[in-house]
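Asks: In order, the protein sequences belong to chains V and A. FYI, the working numbering numbers position 325 of the first sequence as 325, with every residue one higher than the one before it. To get the working numbering, take the position in the second sequence, counting from 1, and add 1000.
If you are wondering where the hints come from, they were derived from the structure by calculation, not from laboratory data. Glycine included, C-beta positions come from ideal geometry on N, C-alpha and C. Hints are not guaranteed to be accurate.
[What the hints assert, rightly or not] With a straight-line Cα cutoff of 16 Å, these simulated EDC-like cross-link-like pairs (lysine to aspartate or glutamate) come out:
1. LYS419(V) x ASP1330(A)
2. LYS1307(A) x GLU1142(A)
3. LYS419(V) x ASP1384(A)
4. LYS419(V) x GLU1505(A)
5. LYS1192(A) x ASP1104(A)
6. LYS1372(A) x ASP1388(A)
7. LYS1395(A) x GLU1427(A)
8. LYS1494(A) x GLU1505(A)
9. LYS1391(A) x GLU1427(A)
10. LYS1459(A) x ASP1104(A)
11. LYS1409(A) x GLU1432(A)
12. LYS1372(A) x ASP1384(A)
13. LYS8(V) x GLU1432(A)
14. LYS425(V) x GLU1426(A)
15. LYS1307(A) x ASP1273(A)
16. LYS1334(A) x GLU1505(A)
17. LYS1387(A) x GLU1412(A)
18. LYS1372(A) x ASP1156(A)
19. LYS39(V) x GLU1119(A)
20. LYS39(V) x ASP1429(A)
21. LYS1158(A) x ASP1235(A)
22. LYS1459(A) x GLU1108(A)
23. LYS39(V) x ASP1388(A)
24. LYS1409(A) x ASP1384(A)
25. LYS39(V) x GLU1094(A)
26. LYS1128(A) x ASP1156(A)
27. LYS1372(A) x GLU1119(A)
[Said to hold, decoys possible] Partial list, derived from the structure: chain V residues whose beta carbon lies under 7 Å from chain A:
28. VAL42
29. MET48
30. VAL66
31. MET414
32. ALA423
33. ILE424
The lines below spell out each chain.
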Amino acid sequence: MALLDFLKKIEPDKKKSPFLHTLFDGFFTFAFSPNATTKGGVHIRDGMDLKRTMVHVVLALQLCYVFGTYNIGHQHFVALGMHTGFVEAIHLKLAYGLIQLLPIFVVTHLVGLGIEFWYAAKKGHAIEEGFLVSGALIPLIMPPDIPIWILALSVAFAVWIGKEAFGGTGMNILNIALLARVFVFFAYPTTISGDHVWVSTFMDEGVVKAAAGSVAEYGWWHTGFFNGLFEWMGLDTFRAGATVVDGYTGATPLGLAAKGSWADVTAVYSPSQMWWGAIPGSIGEMCKPAIIFGAVFLIATGIASWRIMLGAVIGCATMGLILNGWGATEFMLIPWYYQFIMGSFMFAVVFMATDPVTAASTTRGKWIYGFLIGFVGLIIRVLNPAYPEGWMLAILFMNVFAPLIDHYVLEGNMTRRAKRLAAIKSTAS
Amino acid sequence: MKNGILKASFLVFFLSFAFTASAQSSGDSSNYLLYGLIAIAALILIAVILQVSDNLLRIEAKQLGADKSGESFSLFPSFSKMFTPAAPDYVGEEPVHRFTKGHDILLEGAAEGAIEDAEVNTFAIQPKNFIGMSPIPKVTVEVGDNVKAGDILFFDKKRPEVKYAAPVSGEVIAVNRAEKRSIAEVVILKDKDMQYRSIESFDLANGSREELVNYLLEGGAWPLIRQRPYNVVADPSETPVNIFVSTFDSAPLAPNLNLVVEGQEAAFQKGLDVLNQLTGGAVYLGLDARTGNEPAAAFRNASGVEKQWFNGPHPSGNVGIQIHHTMPVDAQMKAWTVDVQGVITIGKLLLEGKYDASRVVVIAGAEFVEPKYVRTYQGANIGDLVKDNTKADSKVRLVSGDLLSGKQKSAEQYLDFFDDQLSSIEEGDYYEMFGWLVPIAPRPSISNTFPNFLYPDYKFTPDTNTHGEKRAFVVTGQYESVLPMDIYPQQLMKSILVNDFERMEGLGIYELVEEDVALCEFVCTSKQPLQAILREGLDAMQDQG
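So that you can see chain A by itself, here it is in the shape it has in the complex:
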């Protein structure tokens, strides 16, 4: 329809041109111009007729309900079909969400090879990893107690039914406190031989949803389920509209989840079955349609779920982006999300009757001697993970998570609850002469003022230098170019800064969490802290209720 109007207006446009041309051409020499224009007008008229009939055809198809299958009923092939490369074979005929917005930051130090067993002695669960939890939760163990994996360590007094479990068995050696006596971490020294609290089995086929929820709560697996909006631990008293699981991670140096699911296929499928019982709607599985990244069979052949294929640069693997393109959320319509390893843990709880918090963690980054995959448990000590593996001659920053949305950690600290990645980056606290004008070392950027676009496959070794100072918002259109959502991030950020709740809600704050705007923060010319601003806004919305 829009096209039709456009073409009709072009017709009028050319006709007016033709009239002026005819008015000016008094002699017969320039009549060719007039004839030419009339010919063009006639062609356009034919095109308009074609367009109108095409539209009628599509309207008819829509009324008959025949277009639900995603098949095109248009006379013309769509532009996107003509110019996008064919989807890989394994995608088959299923529709693919394709994004052009976004940016892959290619970095040196990717991990490869088999998964090793890591020798980690201490593990910790950190209450601060759970957004919105009160700073001083009720700790049910004392220093010196022996716990089994799956035993309850603490719970939030505001919501006592959600219990947080020990990832390993061993002795509780410390309950570390941070500012204002808030609890920073509950540390466990791991036994040589793991002991699991035995949990009675659950009959998924006959149990009710309520029983299942209670079972997960008692088993300690509930905190693995998070809720959008806000990215907080899900509320057991609610039923989500849908549950989303993203089976690939597109962040820089992110782990290949195909490796993670290897050998855990049954547990993964069982976990999906559990999620199916929890939701009133469907479980959506986000699959990787980028060429050369064939999803593992466990993902492709998962049953009882709706599969969605996504193709595009980072952040296409973020579950928030996938939710936006499948079925958006707001304050009333909540969705839950679980990551792949969380699904496996839930599956194992039902299959084996134990809380198995084992995690495959990728240790990746240019500052590691040997980037690798290791098998360990939730909340592993970072010093133990990177022992003898960091390059000695540089100041290294260790990050739990990826370099865009992870948290800076010291070697004495622990991996965060939901993280399956440990990154490293060199500190960049140096002065660079005319660094803004003639940068010496290559640095990642989406700007074409750097020659980066000439070397699309170059892998960078970045540092933490900000490459500039913080400024007011000046450049526009930058955030939109790396966020494949129908959202105006810059205007949203401004509305957060001025506390305009109506705008925040309208512009889609419910659909975003920190990891989704992390790339916007990376590209920001004004070096604004977008993730912190967004969380401020989310906190304000949550306080409003």
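Isolated chain V, as found in the complex:
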């Protein structure tokens, strides 16, 4: 183990340079499981640890990442009216998506991990793995065209205020990834609201938007690096100066539904398109099969709670049926089963709601928590006049209520146990 000896040799001193030591420790324990043995208590420990738990969530997200990368490019070219087929010019779409996604991914991790490392050094504990998952989730729930500085600010807010202020991994009340998203939503409403942000990257007099006539913006990576590469390989290249086709809006299905009816939605997107996910939207939330793959993976490995997922589906279906029955607006009349595939319901329920730290922690509490997320989320989606999506707010709302749910479940347990004891006492005496 020459590498091990080398790493041990370069280990910085903990007292002289605490930050460097924390950094070293973080990377060292990443590369090597520590040699700690059990002391007192049990003598054997389960092979599972927090790193392994977290990395399995990241693994479950991989298909969403692949499809998200493709879809950024695909939507870009659909707006231009070029390569509209699903598999046409797949190299261009992936290259375009990568150029868009990589900076988001890198900045998210630089900012988030930077704050984590700094706090770990300051408090003198090991770097905890919480941000592994948050860092993988945040890029997937952002619009593809988010300005990098807004992203950096939102990640800093989420990690700093949402997590470190509460004491670090395992102590936070609100879901970190959603906190970053909600920060963007409330702090920069003008920059990222409307239909234009979901498709990238077009400039119209200095403002990012995907309206008819806007010109596609390419940088050195597109025209210099990838065009050179693709030319050499004899493939299609990015064409500078292409403009958005007439009549293109880049609206999301929910945007259409909020303004019109199900017929207006299906006029633009078919249910199968919504199912496969080749439509505008947040980066990782569109492809339902990829999310279902993640859900099955998480349930099979036992990492995420199937109770929360199933509870949310039941809650959403219940509210969908109620709204269908009520039918006061066109939006309410959208068949309840289509509500599942329209927005980010699945992604939110599979990856956000099941965060064990912020969810209810009791078995019964998980059912209630999941159900209410589905129930409340659809109310927000359909009845909220400002913004036609609800899962972010519903989950944060239920995060706040999760301790209350647990409290009553525990009270119930305590009462039940007390009653059983009292019954036995009365028969014994």
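Assemble the complex: chain V is given as a structure, and chain A must be docked to it using the hints.
Replies: Okay, now just chain A, sitting in the frame of chain V:
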């Protein structure tokens, strides 16, 4: 009742669906859907009527007191009856407590074969084995004294009536002290021929309970009886509600108690008779209903006791789990527990008039050359027990007790008072490259991220590596999945950490001792020391009074 409500709500659910369907189906082509839904609704209506009548039937049975026998008066067979395999023949018609929660950790190195006599020279009784005892008990012998088996070695100044007896006869060769002059062990060099202090016999049929208690106290057998909550030596001035004896041990590599009781049937039954006199309630015997583990005749045919059958993975054999499912305890309702070998010792005291602390000990673990059963006495020297039996080429940790709740010992130390198991495990102080991501050696785990579930019969050779660092509580629902009790362990642990006494009491801290949460500690992703936390909480509760 709950089912009825559930089905009724489904009915409403489907009806609302049907109305929307009918509203949408303007043409006659999709009327099939509507008819279909109405048919389903009708079926559900019938089911609800059936359910209600079934419930009425059961309520009637309850009012008449006919359901006490455990027989089902429902129209439908219960789910558990339909899907659980039939109990083994010897269980007969008696009800079985079945657990799905829990986990059997299968390990290499199980002991088999006949019981050998061990050659052990020194024995020791360790005051620290008795929870709550003052650190410096009054030692009534001096170094150099000759004692007989059953002679009193020391007693606790707080409770002088409880006397702790010598397990063997011989010379007291040392009174070893630990930190702050506390007494660690009183060591006896065993004679070649055992001599017993003769104790006059006791007439169980005519003696009073008080006389019996005094007899056990004088005979030195009292410390074998422990009290729940807290797992401390029982208070002789109290009368327990019930006494529990578990006749099987489900811990990893635990001894087969059928072997232990072989040839001691009379003493075991006598011991149970003694316990019957001590309690105001009943003596409950926990029996093994797992297939292929037929309890010995001494257990099955024991008389004067209430038998309870338990089926499920570890910790189904823990007496704490069995108490929970029979008759739970709290600060006022105390139960006493005695292990099988303790019962035999008590029985022999009455039968033969001597304190016979002989113990069958299992020496098991992958690091032993030859795992085996040996016959020795309480507090045997570990070095003597494992002489020439450990594998030479590995760093071995010796553990008195099982690998989940036992104590680490060196070869110079002694088996703990209540332990009948000596385990071994390899030390795991190595670095493993990407060990968290791609583990090389197989390791026990309840997680499906390891391929363990594909090999349910695989026997592991684990080591003491923690496989990760300590973290805050993150994962939920994990502890509950291995604790077959109506208790929320994680919330209980948190309430202990914040000293919330009301919560601790309400969430059932009285029902737990270390061995019950040991499996929770094993599975903990955050590597939290649950047994230590629980003891902290129990100490705090005890201080509160």
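Asks: Taking the hints in turn, state whether each one holds.
Replies: Quick rundown of the hints versus the structure:
1. Distance restraint check for LYS419(V) and ASP1330(A): the Cα-Cα separation of roughly 12 Å lies within the 16 Å cut-off, and the hinted pair is therefore satisfied.
2. Under the criterion of a C-alpha separation no larger than 16 Å, the hint pairing LYS1307(A) with GLU1142(A) is inconsistent with the structure, at around 45 Å.
3. Proximity of LYS419(V) to ASP1384(A) is assessed by CA-CA distance (about 52 Å); at most 16 Å being required, the pair is judged violated.
4. Taken as a hint, the LYS419(V) and GLU1505(A) pair is honoured in the structure, with Cα atoms around 14 Å apart against an allowance of 16 Å.
5. Pair hint LYS1192(A) plus ASP1104(A) does not hold up; C-alpha atoms about 41 Å apart against a cutoff of 16 Å.
6. Note on LYS1372(A) and ASP1388(A): the hinted pairing holds, with a Cα-Cα distance of about 13 Å set against a maximum of 16 Å.
7. Proposed proximity of LYS1395(A) and GLU1427(A) is supported: the alpha carbons are some 6 Å apart, at most 16 Å.
8. Taking the CA atoms of LYS1494(A) and GLU1505(A), the gap is about 13 Å. The hint holds against a cut of 16 Å.
9. Taking the CA atoms of LYS1391(A) and GLU1427(A), the gap is about 13 Å. The hint holds against a cut of 16 Å.
10. At roughly 11 Å between alpha-carbon atoms, LYS1459(A) and ASP1104(A) fall within 16 Å of each other, so this suggested pair holds.
11. For the hint linking LYS1409(A) to GLU1432(A), the alpha-carbon distance of about 26 Å lies beyond 16 Å, and the restraint is violated.
12. With a C-alpha separation of about 14 Å, the suggested pair LYS1372(A) and ASP1384(A) falls inside the 16 Å cut-off, and the hint holds.
13. Of the pairs offered as hints, the one joining LYS8(V) and GLU1432(A) holds, with about 14 Å between alpha carbons and a cut-off of 16 Å not exceeded.
14. For the proposed pair LYS425(V) and GLU1426(A), the alpha carbon gap of about 48 Å is over 16 Å, so the pair is violated.
15. Distance check on the hinted pair: LYS1307(A) and ASP1273(A) sit about 14 Å apart at the alpha-carbon level, within 16 Å; holds.
16. Among the hinted pairs, LYS1334(A) with GLU1505(A) is consistent with the structure: their alpha-carbon atoms are about 14 Å apart, no more than 16 Å.
17. In summary, the hint linking LYS1387(A) to GLU1412(A) is supported, as the alpha carbons are separated by about 11 Å, within the 16 Å threshold.
18. Distance restraint check for LYS1372(A) and ASP1156(A): the Cα-Cα separation of roughly 35 Å exceeds the 16 Å cut-off, and the hinted pair is therefore not satisfied.
19. Simply put, LYS39(V) and GLU1119(A) have alpha-carbon atoms about 30 Å apart, too far for the 16 Å limit, and the pair is violated.
20. As the CA atoms of LYS39(V) and ASP1429(A) are separated by approximately 12 Å, the hinted pair is consistent with the 16 Å bound.
21. For the given pair, LYS1158(A) sits about 11 Å from ASP1235(A) by alpha-carbon distance, which is consistent with the 16 Å threshold.
22. For the suggested pair LYS1459(A) and GLU1108(A), the alpha carbons sit about 5 Å apart, so the restraint of at most 16 Å is met.
23. As the CA atoms of LYS39(V) and ASP1388(A) are separated by approximately 26 Å, the hinted pair breaks the 16 Å bound.
24. With a CA separation close to 13 Å, the supplied pair LYS1409(A) and ASP1384(A) stays within the 16 Å bound.
25. Distance restraint check for LYS39(V) and GLU1094(A): the Cα-Cα separation of roughly 43 Å exceeds the 16 Å cut-off, and the hinted pair is therefore not satisfied.
26. A distance of roughly 11 Å separates the Cα atoms of LYS1128(A) and ASP1156(A); the hinted pair therefore holds under the 16 Å criterion.
27. Under the criterion of a C-alpha separation no larger than 16 Å, the hint pairing LYS1372(A) with GLU1119(A) is consistent with the structure, at around 14 Å.
28. Against a cut-off of 7 Å between C-beta atoms, the interface hint on VAL42(V) holds, since the closest Cβ of chain A lies about 5 Å away.
29. For MET48(V), the interface hint holds, since its Cβ comes within 7 Å of a Cβ in chain A; the closest pair sits about 4 Å apart.
30. With a cut of 7 Å, the hint placing VAL66(V) at the interface with chain A is violated, because the nearest CB-to-CB distance is about 20 Å.
31. At about 4 Å, the closest approach between the beta carbon of MET414(V) and any beta carbon in chain A falls short of 7 Å, and the interface hint on this residue holds.
32. At its closest, the beta carbon of ALA423(V) sits 10 Å from a beta carbon of chain A; the interface hint therefore is violated under the 7 Å criterion.
33. Nearest Cβ of chain A to the Cβ of ILE424(V): about 6 Å, under the 7 Å cut. The hint holds.
Comparing the model with each numbered hint stated earlier shows that hints 2, 3, 5, 11, 14, 18, 19, 23, 25, 30, 32 do not hold.
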